[in-house]
Amino acid sequence: MNSSFSQPPAKYLRSDPDEDGASPECIRSKPWFEDGNIVLETEGVQFKVYMGILADNSAIFRDLFTIAQAQEGELVDGCPLIHLGDKSQDLAHVLEALHHSRKWLGDTSGEKEAMPLRVLAAFLKLGRKYEIDHVRQQAVNRLATAFPSDLDACFESCSRGPRTVIDVDLRKGDLLHLVSIIRENELLVHLPVLLLVCILRDHLGTTSIFLLSPDTQQPILAYADIELCHKAYIQLVQLQATEILSWMKWEAPTCGINSCKAWQQVLRRNYPGSAFVVGSRWQEHVARGLCEKCKLHARTKYREGQEKVHEMLPSLFDLPPWEELREKWSTDETLDLFEM
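Under my numbering, think of the first position of the sequence shown as 85, with each following residue one higher.
Derived from the structure by calculation, the hints contain no laboratory data.
Virtual Cβ for every residue (Gly too), placed ideally from N, Cα, C.
Treat the hints loosely; a few may be bogus.
Listed next, the in silico BS3-like pairs over lysine-lysine satisfying Cα-Cα at most 27 Å (straight line) [stated by the list, open to error]:
id, residue 1, residue 2
1, Lys-392, Lys-333
2, Lys-187, Lys-171
3, Lys-345, Lys-377
4, Lys-392, Lys-377
5, Lys-256, Lys-171
6, Lys-333, Lys-379
7, Lys-315, Lys-333
8, Lys-377, Lys-315
9, Lys-385, Lys-345
10, Lys-379, Lys-392
11, Lys-213, Lys-187
12, Lys-385, Lys-333
13, Lys-213, Lys-114
14, Lys-412, Lys-377
15, Lys-209, Lys-379
16, Lys-385, Lys-412
17, Lys-315, Lys-345
18, Lys-213, Lys-315
19, Lys-392, Lys-412
20, Lys-412, Lys-315
21, Lys-412, Lys-379
22, Lys-209, Lys-114
23, Lys-385, Lys-315
24, Lys-256, Lys-345
25, Lys-315, Lys-392
26, Lys-213, Lys-392
27, Lys-333, Lys-345
28, Lys-256, Lys-187
29, Lys-187, Lys-209
30, Lys-379, Lys-315
The following label-pair restraints were derived from C-beta to C-beta distances [what the hints assert, rightly or not]:
id, residue 1, residue 2, range
31, Ser-343, His-218, 43 to 53 Å
32, Glu-268, Pro-404, 14 to 24 Å
33, Trp-366, Gly-128, 18 to 28 Å
34, Gly-289, Cys-339, 31 to 41 Å
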């Protein structure tokens, strides 16, 4: 393959005029293979790629090519020209993935390059539109790693953030943009933990849920989701006190060690305070002033509280229970049911 992945885009005037008699300027963009045999155009940007690769990966493209070959349409560099209605940047990301598949294939453990949000969005949207399942699945896998439905995986996600598998810029509100991307693609199983992370980042002051888009000066997050996050935060703070940190109010009937009672009093004065521990692992130092029996009780109650809150998490955002989310709102096959 003679590729121009590394060459800058080139501009040229289309040889055949459009309906108004004008000759619009087009941009030749990467990927552009000199020995390619099909040209795709969208938003005035053209890509010269391989018909066989696209047809092998997408039945939709295969049908488009069949129609194009049966008709005498426009030619560019002697190749059939097909007009599409996608965003040129989205199409470029998907074409690059198909012609340079090693870039995003592999595990999502963090050893591979984190996928930029714009690439993930393109993979989800066009992977679904053109039925390129493995491209879409690359994005879905990263969402599953970054925003899992399992509690222990949620602990890991909340502690390290999504940036090991998805390249998000917290200052630009990428997490907030991701909420709408997940809703648009109906992958709602990832929404509870994502919204929890948004609440956590807002609490820490790194990304406000009220952050405005520089383009529109309107909140990036939909008003309905802002309201959900606000209401959920109030409920989570209450659940944190009554469930996750309930062990701080426990009076050990058989523990006569005064230091345990004294340490509990210290904790009660300082918690919950400004702490927000929903989605956080047990920290051993919190119970350092307790005896072993009281420590065990504290760890157990903390875990039970986290499990209860995690089970309730979808309902706090007006979503179905975890079981239904996993069954109906997580797989590509299920998505098709809602389009019929």
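Hint check:
Between the alpha carbons of Lys-392 and Lys-333 the distance comes to roughly 18 Å, so the proposed pair stays at or under 27 Å and holds. Straight-line distance between C-alpha atoms of Lys-187 and Lys-171 comes to about 21 Å, which keeps the hinted pair within the 27 Å bound. Our distance criterion of 27 Å between C-alpha atoms is met by Lys-345 and Lys-377, whose separation comes to about 13 Å. Distance check on the hinted pair: Lys-392 and Lys-377 sit about 23 Å apart at the alpha-carbon level, within 27 Å; holds.
At roughly 21 Å between alpha-carbon atoms, Lys-256 and Lys-171 fall within 27 Å of each other, so this suggested pair holds. This hinted pair checks out: Lys-333 and Lys-379 have alpha carbons roughly 13 Å apart, not beyond 27 Å. This hinted pair checks out: Lys-315 and Lys-333 have alpha carbons roughly 26 Å apart, not beyond 27 Å. Using a Cα cut-off of 27 Å, the hinted pair Lys-377 and Lys-315 is violated, with the two alpha carbons roughly 37 Å apart.
About 17 Å separates the Cα atoms of Lys-385 and Lys-345, which keeps this hinted pair within 27 Å; it holds. In summary, the hint linking Lys-379 to Lys-392 is supported, as the alpha carbons are separated by about 20 Å, within the 27 Å threshold. Of the supplied pair hints, the one linking Lys-213 and Lys-187 holds, its CA atoms being roughly 21 Å apart against a limit of 27 Å. With a C-alpha separation of about 11 Å, the suggested pair Lys-385 and Lys-333 falls inside the 27 Å cut-off, and the hint holds.
At roughly 21 Å between alpha-carbon atoms, Lys-213 and Lys-114 fall within 27 Å of each other, so this suggested pair holds. Between Lys-412 and Lys-377 the CA atoms are separated by roughly 43 Å; this puts the pair beyond 27 Å, and the hint is violated. At roughly 49 Å between alpha-carbon atoms, Lys-209 and Lys-379 are farther apart than 27 Å, so this suggested pair is violated. Proposed proximity of Lys-385 and Lys-412 is contradicted: the alpha carbons are some 32 Å apart, above 27 Å.
Between the alpha carbons of Lys-315 and Lys-345 the distance comes to roughly 34 Å, so the proposed pair goes past 27 Å and is violated. Distance check on the hinted pair: Lys-213 and Lys-315 sit about 35 Å apart at the alpha-carbon level, beyond 27 Å; violated. Restraint check for Lys-392 and Lys-412: satisfied, since their Cα atoms lie roughly 22 Å apart, inside the 27 Å limit. Taking the CA atoms of Lys-412 and Lys-315, the gap is near 25 Å; set against the 27 Å cutoff, the hint holds.
In summary, the hint linking Lys-412 to Lys-379 is not supported, as the alpha carbons are separated by about 40 Å, beyond the 27 Å threshold. Pair hint Lys-209 plus Lys-114 holds up; C-alpha atoms about 20 Å apart against a cutoff of 27 Å. For the proposed pair Lys-385 and Lys-315, the alpha carbon gap of about 25 Å is at most 27 Å, so the pair holds. For the hint linking Lys-256 to Lys-345, the alpha-carbon distance of about 46 Å lies beyond 27 Å, and the restraint is violated.
A hinted pair counts as satisfied when its Cα atoms are at most 27 Å apart, and Lys-315 with Lys-392 qualifies at roughly 18 Å. Of the pairs offered as hints, the one joining Lys-213 and Lys-392 is violated, with about 38 Å between alpha carbons and a cut-off of 27 Å exceeded. Simply put, Lys-333 and Lys-345 have alpha-carbon atoms about 10 Å apart, close enough for the 27 Å limit, and the pair holds. Between Lys-256 and Lys-187 the CA atoms are separated by roughly 25 Å; this keeps the pair inside 27 Å, and the hint holds.
Between Lys-187 and Lys-209 the alpha-carbon distance is near 19 Å, which keeps this suggested pair within the 27 Å criterion. With a CA separation close to 32 Å, the supplied pair Lys-379 and Lys-315 exceeds the 27 Å bound. About 59 Å separates the C-beta atoms of Ser-343 and His-218, a value inconsistent with the hinted range of 43 to 53 Å. At roughly 18 Å, the beta-carbon separation of Glu-268 and Pro-404 lies within the given 14 to 24 Å, and the hint holds.
Hint check: Trp-366 to Gly-128, Cβ distance near 56 Å, so the stated range 18 to 28 Å is violated. Checked against the given bound of 31 to 41 Å, the beta carbons of Gly-289 and Cys-339, roughly 39 Å apart, stay inside it.
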